[in-house]
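A.B. asks: Using this note's numbering, the letters of the sequence shown correspond one by one to residues 7 to 256.
Don't take each hint at face value.
[Claimed, not checked] EDC-like, lysine to aspartate or glutamate: derived pairs with alpha carbons at most 16 Å apart:
id, residue 1, residue 2
1, Lys243, Glu221
2, Lys245, Asp199
3, Lys196, Glu221
4, Lys196, Glu212
5, Lys211, Asp199
6, Lys243, Asp199
7, Lys211, Asp127
8, Lys214, Glu228
9, Lys243, Glu223
10, Lys214, Asp127
11, Lys211, Asp224
12, Lys211, Glu228
13, Lys211, Glu223
14, Lys196, Asp127
15, Lys211, Glu221
[What the hints assert, rightly or not] With beta-carbon atoms standing in for the labels, derived distance ranges:
id, residue 1, residue 2, range
16, Thr178, Ala105, 32 to 42 Å
17, Ser73, Thr178, 55 to 65 Å
18, Ser63, Met216, 39 to 49 Å
19, Leu147, Ile240, 36 to 46 Å
20, Leu81, Leu125, 45 to 55 Å
21, Thr238, Phe57, 38 to 48 Å
22, Met60, Ala132, 30 to 40 Å
23, Met244, Ile143, 35 to 45 Å
The hints are simulated quantities; they were obtained by calculation from the structure and are not laboratory data. All residues carry an ideal CB built from backbone N, CA and C; glycine is no exception.
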Amino acid sequence: MFINIFKAFCFRFKQQALKYGDELLGAKKRVNSQITGFRGKGLRTLFLIIFLSMLLSVLNLLFGWSSRESIPGFLQPYSDIILSVNPYLIYVQSMLVLALGYLIVNSFSNAVYAYVLRLTDHSTAATIKTIVWTTGIAILLIAVTSMLSAGPWTALTVGSFGGLVVGFATQTVLSHFIAGIFIILTRPFKFGDVITIAGQTGIVKEIKIMHLTLETEDGSREILIPNGMVFTQIILKMKGNRKQLCKLAN
7 MFINIFKAFC
17 FRFKQQALKY
27 GDELLGAKKR
37 VNSQITGFRG
47 KGLRTLFLII
57 FLSMLLSVLN
67 LLFGWSSRES
77 IPGFLQPYSD
87 IILSVNPYLI
97 YVQSMLVLAL
107 GYLIVNSFSN
117 AVYAYVLRLT
127 DHSTAATIKT
137 IVWTTGIAIL
147 LIAVTSMLSA
157 GPWTALTVGS
167 FGGLVVGFAT
177 QTVLSHFIAG
187 IFIILTRPFK
197 FGDVITIAGQ
207 TGIVKEIKIM
217 HLTLETEDGS
227 REILIPNGMV
237 FTQIILKMKG
247 NRKQLCKLAN
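Work out the full structure, taking the sequences as your base and the hints as a guide.
C.D. replies: See below:
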């Protein structure tokens with residue numbers, strides 16, 4: 007009887023050990039996949055930037071001459087073609103910047119998503135990706151506008167005015183968003199830590215881009231604290247039987 011009980015116990019222990027090992031292996035594979043994805047997307051972004059720079063330089067070298075006298079000797083046999091293409095060169099370059107720039111913004115935002123996903127949850131990473139993508143598209147449009155207009159100041163003036171209006175309208179939201187990014191990157195606390203912020207004590211449940219979610223120790227309530235407040239408050243962090251006092255900002 008005791009032998010059967012012992013065998014059953016050993017079998018159960020073996021199953022739990024195998025299950026735990028599979029979970030660890032799966033977690034390791036996910037982390038490795040995220041790291042590989044981040045590196046791959048980062049390298050793709052770098053390649054696209056280099057390719058765009060080289061392409062613009064080659065086009066400028068071949069067709070960036072406005073007079074027959076300024077054309078180098080090795081290009082003189084093609085001077086008629088060069089002079090006919092030159093007036094449209096800026097439009098060709100603008101189209102290339104717009105097309106490849108769009109790919110660069112997409113690739114870069116995906117790389118940011120893959121990196122942030124290693125530090126936080128999917129929803130937060132997706133939010134940061136959207137913000138990065140929107141900012142990148144805005145910069146791309148300003149760059150293309152400056153190429154087609156009289157100069158960069160026209161595009162920058164339009165962009166600055168629009169940014170000023172949006173900034174005043176979303177000042178509080180932006181402060182929470184920026185604070186959330188710094189909290190995610192600096193990691194002053196992690197999931198499962200018991201902390202006290204602004205008189206509220208709880209277990210760190212979620213770190214989102216706009217707010218921090220604490221859960222009371224009995225699990226009966228959730229406390230949502232805006233990240234702007236988290237970033238400017240003194241945090242009392244429980245560490246084992248000790249208390250660690252840390253201040254994020256003054």
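A.B. asks: With respect to the beta-carbon atoms only, verify the hint that Met244 and Ile143 lie 35 to 45 Å apart.
C.D. replies: holds (43 Å)
A.B. asks: Measuring from beta carbon to beta carbon, are Thr178 and Ala105 in 32 to 42 Å?
C.D. replies: holds (37 Å)
A.B. asks: Has the given pair, Lys196 with Glu221, been kept, meaning a C-alpha gap of at most 16 Å?
C.D. replies: Since the Cα atoms of Lys196 and Glu221 sit roughly 13 Å apart, the hinted pair holds (cutoff 16 Å).
A.B. asks: Range hint 36 to 46 Å: satisfied by the CB atoms of Leu147 and Ile240?
C.D. replies: holds (42 Å)
A.B. asks: Leu81 and Leu125, beta-carbon distance inside 45 to 55 Å?
C.D. replies: Hint holds: Cβ distance 52 Å, inside 45 to 55 Å.
A.B. asks: Measure nothing beyond the straight line between the CA atoms of Lys211 and Asp199; if it is 16 Å or shorter, mark the hint as holding.
C.D. replies: Status holds; Cα separation ~9 Å.
A.B. asks: Is the Cα-Cα distance between Lys211 and Glu228 16 Å or less?
C.D. replies: Distance of about 9 Å is within 16 Å: holds.
A.B. asks: Checking one constraint from the list: CA of Lys243 to CA of Asp199, max 16 Å. Satisfied?
C.D. replies: The given pair, whose Cα atoms are some 7 Å apart, holds under the 16 Å limit.
A.B. asks: For Lys214 and Glu228, compute the direct alpha-carbon distance and say whether it is at most 16 Å.
C.D. replies: holds (14 Å)
A.B. asks: Please work out if Lys214 and Asp127 have their alpha carbons no farther apart than 16 Å.
C.D. replies: holds (8 Å)
A.B. asks: Tell me if the straight-line CA distance from Lys243 to Glu221 falls inside 16 Å.
C.D. replies: holds (14 Å)
A.B. asks: With the threshold set at 16 Å, check whether the alpha-carbon distance from Lys211 to Glu221 stays at or below it.
C.D. replies: holds (6 Å)
Figure legend: structure checked against the earlier numbered hints; every hint is met.
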